[in-house]
Amino acid sequence: MFRRFIIPTVRYGAELFGIQSLHIYALPEDELLDHYGALGFSRLPQEMEAYIHSHIKPDYDEHCIFMYQML
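To convert, count from 1 in the sequence shown and add 173; that's the numbering used here.
One thing to keep in mind: the hints can contain errors.
[What the hints assert, rightly or not] Just the calculated beta-carbon pair ranges, DEER-fashion:
(1) M221 to R177: 26 to 34 Å
(2) M174 to M243: 17 to 25 Å
(3) G186 to S215: 16 to 24 Å
(4) M243 to L200: 16 to 24 Å
(5) Q219 to L189: 28 to 36 Å
(6) Y224 to F178: 28 to 36 Å
(7) F178 to A223: 30 to 38 Å
(8) L200 to R176: 15 to 23 Å
Because the hints were derived from the structure by calculation, they are not lab data. Predicted model only: the values in this text are computed from it and were never measured. A virtual CB, placed ideally from N, CA and C, is assigned to each residue, including glycine.
Take the sequences, apply the hints, and build the full model.
Written as structure tokens, this is what we have:
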């Protein structure tokens with residue numbers, strides 16, 4: 174689903190609107206983090222991740238981990 178639908182849709186949006194990256198808040202489970210890593214998502218360095226968690230992350234994603242993918 175992700176590779177066949179979401180990525181092509183986002184790439185199309187990137188061409189039209191200049192989208193440069195995707196970001197997600199992943200559940201803190203090693204298997205899931207590895208899965209997102211295999212899809213091209215990365216984590217930030219600890220200092221930057223702490224900043225995201227304290228300034229930007231929504232309350233409903235309290236224990237989740239910020240990950241991003243550059244397009």
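Query raised in the report: Does the structure break any of the earlier hints, and which numbers would those be?
Result: none
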